[in-house]
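K.L.:
Based on the hints, put chains B, C, D and E in the right spot on chain A.
Protein chains in written order, with our numbering: chain A, 1 to 162; chain B, 163 to 264; chain C, 265 to 642; chain D, 643 to 869; chain E, 870 to 1199.
I should point out that these hints are in silico values taken from the structure, not numbers from a laboratory.
Incorrect hints may have been included.
[Said to hold, decoys possible] Quick list of in silico lysine to aspartate or glutamate cross-link-like pairs, DMTMM-like style, CA-CA up to 20 Å: (1) A:Lys-47 / E:Glu-1128; (2) A:Lys-37 / E:Asp-905; (3) C:Lys-287 / D:Asp-666; (4) E:Lys-907 / D:Glu-783.
[Claimed, not checked] Interface residues of chain C toward chain D, partial, derived using beta-carbon atoms under 7 Å: (5) Lys-271; (6) Asn-274; (7) Arg-285; (8) Gly-288.
Being a predicted model, the structure only gives us computed values, none of them experimental.
Here a beta-carbon is modelled for each residue, glycine too, at the ideal position from N, C-alpha and C.
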Amino acid sequence: MKSVRNLILFICLLLFTAGSLWGAAEIMPGKLTPTDKCPICGMFVAKYPDFVAQIGFKDGTCAFFDGVKDLMKYYFDLAKYNPGKSTTDIAHILVTDYYSTKLVDGFQAFYVIGSDVYGPMGKELVPCQDEAAAKEFKVDHKGAAILLFKNITPELIKTLDQ
Amino acid sequence: MRKSDGFLLFIGGGILLLAAIFIQAHFVTRANLPLFQQKAEVVKSLGLTDLCLSTEARYTRHLSQSDWHAAFQSHPLALDHFPIGSIIGPPETLTKPHDQIH
Amino acid sequence: MIKSIEKQRNIIDFTLSSLWRRKGKNLALLVVYTLVVFSLGSVMFFTQALKNEAAIILRGAPEIIVQKLVAGRHELIPMASAQTIRAIRGVEAVKDRLWGYYYDPIGRANYTLMVPEGMDLKENEIIVGAGISRVRQVFRGNALLLRTYDGRPISLFIKGILSPESELLSSDLILISATGFRRLFGVSGDDATDLTVTVLNKKEISTIAAKIVDKLPDARAITRDEILRTYDAVFDWRAGIMIAILAGAVLAFLIFAWDKAAGLSGEERREIGILKAIGWETADILQMKFWEGTIVSLSSFFLGVILAYFHIFYASATLFEPVLKGWSILYPEFRLTPFISGYQIAILFFFTVIPYTVATIIPAWRAATIDPDVIMRT
Amino acid sequence: MIELQNIRKVFNEGLSSEYIALHDLTLAIAAHQVTVLKGPSGSGKTTLLSILGCMARPTAGRIVLAGREITSLPERFLTDIRRQTFGFIFQHYNLLKGISVIENVMLPAYPQGEPFSLLKKQAADLLKLFNLTHKAAAKVEWLSGGEAQRTAIARALVNQPEVIIADEPTAHLDTRLSREFMDIMRDFKAQGKTILIASHDPIVHESEVVDRVVQMRDGRIIDAGVI
Amino acid sequence: MFFNPGIIALFISSLLISGMVLYASFYGALILRYWDIKSGSETQLNLERRTYLISTIISYACVFQLCSFFLFIYTADTLHPFFTGAMCAVGSLNVNKWGFPTVILKTITFLLAGLWLIINFTDNRGFDYPLIKVKYLLLLIITPLILAETIMQSNYFLGLNPEVITSCCGSLFTADTKGVASEIISLPRSVMEIAFYGTMMGALVLGAVFYRTGKMGYGFSAAISVTFLISIASFISFISIYFYELPTHHCPFCILQKEYGYIGYFLYLLLLAGGLTGMGVGLLMPFRQMPSLKETLPAIQKHLTLISVICYLSFTAIATFQIIFSNLKM
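Pulled out of the complex, with its shape left as it was, chain A reads as follows:
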């Protein structure tokens, strides 16, 4: 009995995975190499896999960051860091989900600020895949607020650097 239920569960899971793969077909994560450096602070990104974030452009280039904070700095000032590119050239933004340490869509993620989890660059926006996770994280790690991608402002990023 139990095994039958497990089997059904498994098949469902398989279908779901396949579906999500299909749905996310256009997101092709850039491949991180050990020599990739954060364009904001210059440190090697691969040393801190739990915080990696990336911005992929439509021409196939990709920028890697050692945290969402640096990614946002880059995002808000593309003209400075990547002249010739604008936000419309961005194909995808991927951030590392705190709990699964898997790359998830940055536009859809929930970000917790003010928590006791620090990234390699100090205070961070900690990305969570879904709202429930974000809420739990906020409670567990004494977070201050949960933000959506669109709520993040350059001013807010500045406060994180103090």
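P.N.:
Quick look at chains B, C, D and E alone, frame taken from chain A:
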């Protein structure tokens, strides 16, 4: 040749030999990396947590998971009747409360 | 500059021939000194290598182990608890583990029985570690006779032997199927020995461990970090104890060195008197004594370190084996990987050369301040 | 050359075993002369010699060497002066056993830090002068009495000192060797060296090379001799 | 308390050094009391002989002190995994209140012992030992400091409690905490850069002037001392980040780790040696007119100046090289 030159040569030789040992150790360590991977694989696949250095008492086989009250444990002041107990100290998990976990 | 170098070389020249003239005494010192460096060095190399080895290979250990405690003792855990743990956010997977000890009166050794994940074993098939194979003289295809919890003999066929390379981990292991394990020990199908928890984000491990203890108050959660730290502490402790024991030897050596340096023979006193009379200054004699110490120290230090290195990494620490082994029958045969660092050499230096130097300062000075006219008055 | 003024030397000062070796002694040694200190053993010859040779410091009094007051110089500096000014020949030669003849000769110059090859050449020249070249590499314990004596003299000369100090140099020599020693001293005098000898051997103080004999007894000078 | 070989080694060496300086200062006090260079009495001769022993002892103690300084930091560094929150030596040193004072005292005692050796070297060149009183007074100052250091170090090791959650360099050396370190970091970078290169240039120029003309000795020595402190501050403020290639990491201790090729030991050694010799020049200045030192002292000072300038120059060169060629661009 002067004796002092001989001495300097000897010291130089000693330093070189020491350096050679370091270099050799470095290369052996590098060459053994796959072996480590293999062992780590064994650990991973079997879910092992401890080395098998001393097996005469059961709490010395899985050091990190011994019972709290296994008789006398290996407290430094305890006269344990397993020889290994006088050499291996009590695991930290036993001597300190799990304060992070409570 | 060149003059002072030339002067030191001259003094070394003389020191060497002076050492050589009393070779019996000095060689004895050299041998004892080397032995001290060798023993301390062996302890340090050995523990450091084991520490590193443990740190690297145990990194594959499960992130968290959950064990049920009853009256403070480790008990079987109901498999249902796994469900509770799985519900905690951040937990990737929870697996039940079955393992236990078996004392074999024939081999007179403790075996560790373990149910491996994803290995296809029939109920009466086992895979044994190289140590068991050696002790019991059983090989692939043979049968191993064990007794179940209720006293019935049970014959298990050896399907394979674990690789000798992993002996440091697996020497005493018997891998058995879950059904076989339950039948051997009478463990019910609802229980497991303990549970292992996989967590993907390292930063979350302690939070999850806290949550587990919160939800299962009768359980303890052992994290991988704790295991690794335990090993660090255990080997540091071991090195500390060994060094404390060896401190006696070092002390004896120092007394010997002091005595050797202080008890100048009449011949030596005369020699220093002559040197001073023909124009050597106290500081020159002190320099000669400095070189004497340096020559002896460095020679013994190099020799001792090199010997210790070969002893630990190429002679499998033969001299330590009896101590470590104790009564354990299943002592693994292993060759350590030479993890050595300058730090160890530095500490070794602190333990041997510095005390020796200090012990010889005052005797050297005593010798150096012999009156130059002493030889004219005899 | 060397002037001693009111020199007093006390051993074991303040103890019950206090012993005054030299009593307020005043003496001037002229340069380029051979001076002999004569007196029975225990008369303070050796103590005086060691003070003259800057080997020991007097308890009181002043020493002036070549116009410079050196009385209160610490050992460190005194040794430097001694090394460059004096060459010593001891009663028992005091050669170091176990090392070669040439090394023995070079020994006083070791702390100077002269280039080794130069030093070796100087020593070899000296050995040649004393017909010891063939023994250069031999150990000193294999030398005959005369050879040992000549080695000791060579050693005293290696730093090219102005003053040669000899303490009972002929005490263990037969007449022939004692005369030979005095012949060597004559050569030195001819080279302009100042020579100080402590001896009660008639061969020494009756030798025609000697310019002045100072007689001592119980730590006092009883006859300063003619200058 | 940990039973760790490094800790035992440090314990032993500290006890040995303390014993040595105590012994030395006992005779130092006797020398201060009874020294009379004019006398040829046996007391005086004995005291003169003692000076050989004391200078030998202090030379060894100074070398041991330097070794133990680095061993201490390295040991603290290796202990950091035992403390929650520690990333490098800073975390371990922060476990209790004795950690940092011990490091600072070790630095001070090393410098003082070094200065003692410089004075001793000079004194031994003057035929009447003109600095003997200065020398032994200084020794009497050093001794209590070394004893205090031994006690502090023991307190530190005995008070190591693995349950303490410590703060690591990441939180200590940031602008947003209170303390000297954060104030340094929150200073504008340009100010620190100007201060560093300014004082460094000043010190080097004064060094050159002193070397050529023998003038401005005090100025040079003062500049070297100030530069010593400013260099450490600058290292925390803006030089370190180029070694770490992390714009927010200001730790002065992580640089001692293997990942950075132990370059930190070399850098601190340069700074210590340069500072020590530079300070030595100033310390010797008042004695230039002493009759027995007139001839030898200027040469000694010139040597010291040369060593000091070379050390500082190398330090600046390495730091500047790293700033220019680092992967980190600010």
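K.L.:
With reference to the structure, classify each hint as holding or not holding.
P.N.:
Hints versus structure:
1. Using a Cα cut-off of 20 Å, the hinted pair Lys-47 of chain A and Glu-1128 of chain E holds, with the two alpha carbons roughly 12 Å apart.
2. Only pairs whose Cα atoms come within 20 Å are accepted, and Lys-37 of chain A paired with Asp-905 of chain E is rejected, the gap being roughly 70 Å.
3. A hinted pair counts as satisfied when its Cα atoms are at most 20 Å apart, and Lys-287 of chain C with Asp-666 of chain D does not qualify at roughly 48 Å.
4. At most 20 Å may separate the alpha-carbon atoms for a hinted pair to count; Lys-907 of chain E and Glu-783 of chain D exceed this at roughly 43 Å.
5. The restraint placing Lys-271 of chain C at the interface with chain D holds, with a minimum CB-CB distance near 3 Å, inside the 7 Å limit.
6. Nearest Cβ of chain D to the Cβ of Asn-274 of chain C: about 4 Å, under the 7 Å cut. The hint holds.
7. Given hint, Arg-285 of chain C at the interface with chain D, holds; its Cβ is 4 Å from that chain's nearest Cβ, closer than 7 Å.
8. Annotation: interface hint on Gly-288 of chain C violated; nearest CB of chain D at approximately 13 Å, more than 7 Å.
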